[in-house]
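Chains as they are written, first to last, in our numbering: chain A, 3 to 343; chain B, 3 to 343.
Be aware that one or more of the hints could be misleading.
For chains that are exact copies, the list does not tell them apart, and a pair is met inside one copy or across any two.
Unchecked claim - Simulated crosslink set (DMTMM-like; lysine to aspartate or glutamate; CA at most 25 Å straight-line):
#1 K170 to D64
#2 K44 to E301
#3 K331 to D8
#4 K35 to D10
#5 K234 to D10
#6 K71 to E138
#7 K71 to D288
#8 K304 to E55
#9 K76 to D289
#10 K71 to E291
#11 K35 to E86
#12 K63 to E301
#13 K71 to E241
#14 K44 to D107
#15 K170 to E61
#16 K255 to D48
#17 K176 to E62
#18 K71 to E136
#19 K234 to D107
#20 K250 to D48
#21 K122 to D85
#22 K255 to D192
#23 K44 to E62
#24 K176 to D107
#25 K122 to E158
#26 K76 to D48
The set of hints was computed from the structure by calculation and includes no laboratory data. All of these numbers come straight from a predicted model, not from anything done at the bench.
There are 2 protein chains.
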Amino acid sequence: VLLNADVDTQQVTLTGFDLSMGIQSTFSAQIKKGGTLTLPAKLFGDIVSRLTEGNLTLEEKDEFQVTIKSASCKYQIRGLSADEYPELPTIDGESLNLPAQELTDGLASTLFAVSTEELKGVITGVHWIAANDELEFCATSGHVLSTVTSPINPVEESNGFEVTLPAKAAQELKRMLDANSEDFVAVRGDDGQLVFEWQNQRLTTRLLEGQYPNYRQLIPKQFSRQMTSDRKALISALERVAVLSNTKTAIVKFNLSSADQQLTVSVNTQDVGSGAEVLSVQYSGDDLEIAFNARYLAEGLKVMNTTEVQMNFNTSTSPVVVNPLGGGKMTYLTMPIQLRE
Amino acid sequence: VLLNADVDTQQVTLTGFDLSMGIQSTFSAQIKKGGTLTLPAKLFGDIVSRLTEGNLTLEEKDEFQVTIKSASCKYQIRGLSADEYPELPTIDGESLNLPAQELTDGLASTLFAVSTEELKGVITGVHWIAANDELEFCATSGHVLSTVTSPINPVEESNGFEVTLPAKAAQELKRMLDANSEDFVAVRGDDGQLVFEWQNQRLTTRLLEGQYPNYRQLIPKQFSRQMTSDRKALISALERVAVLSNTKTAIVKFNLSSADQQLTVSVNTQDVGSGAEVLSVQYSGDDLEIAFNARYLAEGLKVMNTTEVQMNFNTSTSPVVVNPLGGGKMTYLTMPIQLRE
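Next up, chain A with everything else stripped away, as it sits in the complex (with noise of 0.2 Å):
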């Protein structure tokens, strides 16, 4: 970690940088003599960390030499030059202002669904479309895809942008701005990068290459089914039933009728067992059957923060499009298992 301190500013720096993602945090301290200097990261942290409340002093003495006292203790770890040390990448020009909140909020919906495999490049992270009045968050996985549009001040087209953020970018920025309490993040981007900077906190991270999946045109617009559901007791039931089915696909089946106004979602398992959960639901359409992988929906549904959701359906073999009732704009589509007779 770089370690700068400035006598002029009585400010202290703190820098980490894997050259894809870069960190950097600024806080007040008395400064008697200013300098820059690498410090092991991990060892520094693991001290600091378990040291009590109180003031601490950090000292060079010799060459690289870095003694830390507080009241009670005195350690000596050795430091390296800070020549070597990367710059942050700086992008000038005019940034955007966008509501942590809303960040934090997107990033939570989307976060959950990015692709994990390595090599499926840039759906490993999620994408963001700023335009209009409007900032798009966009993951998907190749098996569930999820997506919240949220309000933003109008964006000058000049300054809209259209980005892929690596994941764990993307992971570090929630995790920051949950530990804050600030209201705007300014974004600045270029070709490859992206700068988000508040408070005295600033987080830069090179993008993923590659054309994103033009994924508006794969969320059907029309749906001939409709049902709404309590959110927690269909997970909870998708948890039971999920219990005896197959561990690697998870499958389970919803047979929706209009009637009774009644979901049941069931699996039948060969040598453990079948099981079945009996809902009531609002459902519109003709009666259905229909199977999914129970942990990709349960995920799903988790992230959503509303008491009821809204579950479109069209045939057993088209995607299936799950909102929150009356809570944003998240869209989570899944596509369906097909049975075998």
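Fit chain B to the given chain A structure using the hints.
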């Protein structure tokens, strides 16, 4: 898991048994038709633990086909005949009534010290000696030794015992007692088994065979040096300093000064760095330099629950005994590490 429904007593008994350890739990139920049956434990547990509050109905329809029903769900799993399920050992005769709290405290203060190397035989267990009005627990890994003496009601000589329990059964006993609010546990033993009973619970365990080390003779009775220190401050200092120690050996050095009434805990690891923590202590005896495995020492200090601890030394190569100050009869012994000059 063996399920036995008794129509006369209107009670259900569940039994688990791996031939070494057995657990039996009985509870009331409405039973229309009695019988016994074994069910796949994991599957049965996974379903029942996920159900919401309310009554369950279990029914055996076809042979071994069990239906589990609640208000909104219905599961079918396949059981097996109970014919071949082995019987839990029973021991007749008079029982010893041991205070449950003393058992859990004694186990908490010793279990951490058992050897985890499977081939170490008898020292992978916790040794118990019940005699006169005391129950003594001991565990040792070969590197450290922890022993606790708890007051019990006077034991007749014919009723006393000296046994070694497998750590797994000791842990399970502690877990079960922690979840109960029972005052006393009835214990019966014979050569190869120990049986614990309370309320509607029962735990049986095979005992470890072999001669337990004569540990009492390992514990020094007299000391030429003695230190009293705040327990938590000592643990924190050890943990901070250990950050800089070799991760394998975790060696830290103690320097005790009677003139300064100070303990300095320090480490100096080549290519990593050095650290020193100074603590105010009460110390009597000649100054001493002695080294320990920081992890072993911290583990022992953590299970004591007093504000202060006493450390008793002779020389830098003789065993050190640590006691909680004013809270229970625990004796923790660790060997110092010989420092190369």
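Here's how the hints hold up against the structure:
Within a single copy, K170 and D64 get their C-alpha atoms no closer than 38 Å, and across copies no closer than 53 Å, so neither meets the 25 Å cut-off. Proximity of K44 and E301 under a CA criterion of 25 Å is satisfied inter-copy only: 23 Å between copies versus 33 Å inside one chain copy. In this assembly of identical chains, K331 and D8 lie within 25 Å of each other by CA distance neither inside one copy nor across copies; the values are 45 Å within and 56 Å between. For a Cα distance limit of 25 Å, the shortest separation of K35 from D10 inside one copy, 10 Å, qualifies, whereas the shortest one across copies, 86 Å, does not.
Taking the closest pair of Cα atoms, K234 and D10 never come within 25 Å of each other, the shortest separation being 56 Å inside a single copy and 40 Å across copies. Taking the shortest Cα distances, K71 and E138 never come within 25 Å of each other, neither inside one copy (48 Å) nor across copies (45 Å). For the homomeric pair K71 and D288, neither the shortest alpha-carbon distance inside one copy (74 Å) nor that between copies (29 Å) is at most 25 Å. Taking the shortest alpha-carbon separations for K304 and E55, only the inter-copy value of 21 Å comes in at or below 25 Å, while the best intra-copy value is 38 Å.
In this assembly of identical chains, K76 and D289 lie within 25 Å of each other by CA distance solely across copies; the values are 21 Å between and 73 Å within a copy. When the C-alpha separation of K71 and E291 is checked against a cutoff of 25 Å, the pair qualifies only between copies, where the shortest distance is 23 Å, while the shortest distance within a copy is 69 Å. Taking the shortest alpha-carbon separations for K35 and E86, only the intra-copy value of 21 Å comes in at or below 25 Å, while the best inter-copy value is 80 Å. In this assembly of identical chains, K63 and E301 lie within 25 Å of each other by CA distance neither inside one copy nor across copies; the values are 54 Å within and 36 Å between.
Only between protomers do K71 and E241 lie at most 25 Å apart by alpha-carbon distance; the minimum there is 16 Å, versus 52 Å within a single protomer. In this assembly of identical chains, K44 and D107 lie within 25 Å of each other by CA distance neither inside one copy nor across copies; the values are 30 Å within and 37 Å between. In this homomeric assembly, K170 and E61 never come within 25 Å of each other (Cα to Cα): the closest approach is 34 Å inside a single copy and 50 Å across copies. Taking identical chains as interchangeable, the C-alpha atoms of K255 and D48 lie at most 25 Å apart only when they sit on different chains, with a minimum of 19 Å there against 50 Å within one chain.
For a Cα distance limit of 25 Å, the shortest separation of K176 from E62 qualifies neither inside one copy, at 35 Å, nor across copies, at 51 Å. With identical chains, the CA atoms of K71 and E136 are never at most 25 Å apart, being 50 Å at best within one copy and 49 Å at best between copies. Within a single copy, K234 and D107 get their C-alpha atoms as close as 19 Å, which meets the 25 Å cut-off; across copies the closest is 40 Å, which misses it. For a Cα distance limit of 25 Å, the shortest separation of K250 from D48 across copies, 17 Å, qualifies, whereas the shortest one inside one copy, 40 Å, does not.
For the homomeric pair K122 and D85, neither the shortest alpha-carbon distance inside one copy (36 Å) nor that between copies (54 Å) is at most 25 Å. For the identical chains of this complex, K255 and D192 are neighbours neither inside a copy (47 Å) nor across copies (54 Å), given an alpha-carbon limit of 25 Å. For the homomeric pair K44 and E62, the shortest alpha-carbon distance inside one copy (19 Å) is at most 25 Å, but the shortest distance between copies (59 Å) is not. Only within a single protomer do K176 and D107 lie at most 25 Å apart by alpha-carbon distance; the minimum there is 9 Å, versus 43 Å between protomers.
In the homo-oligomer, the alpha carbons of K122 and E158 never lie at most 25 Å apart, since the shortest distance is 33 Å inside one protomer and 73 Å across protomers. Taking the closest pair of Cα atoms, K76 and D48 come within 25 Å of each other only inside a single copy of the chain (14 Å); across copies the shortest separation is 52 Å, beyond that limit.
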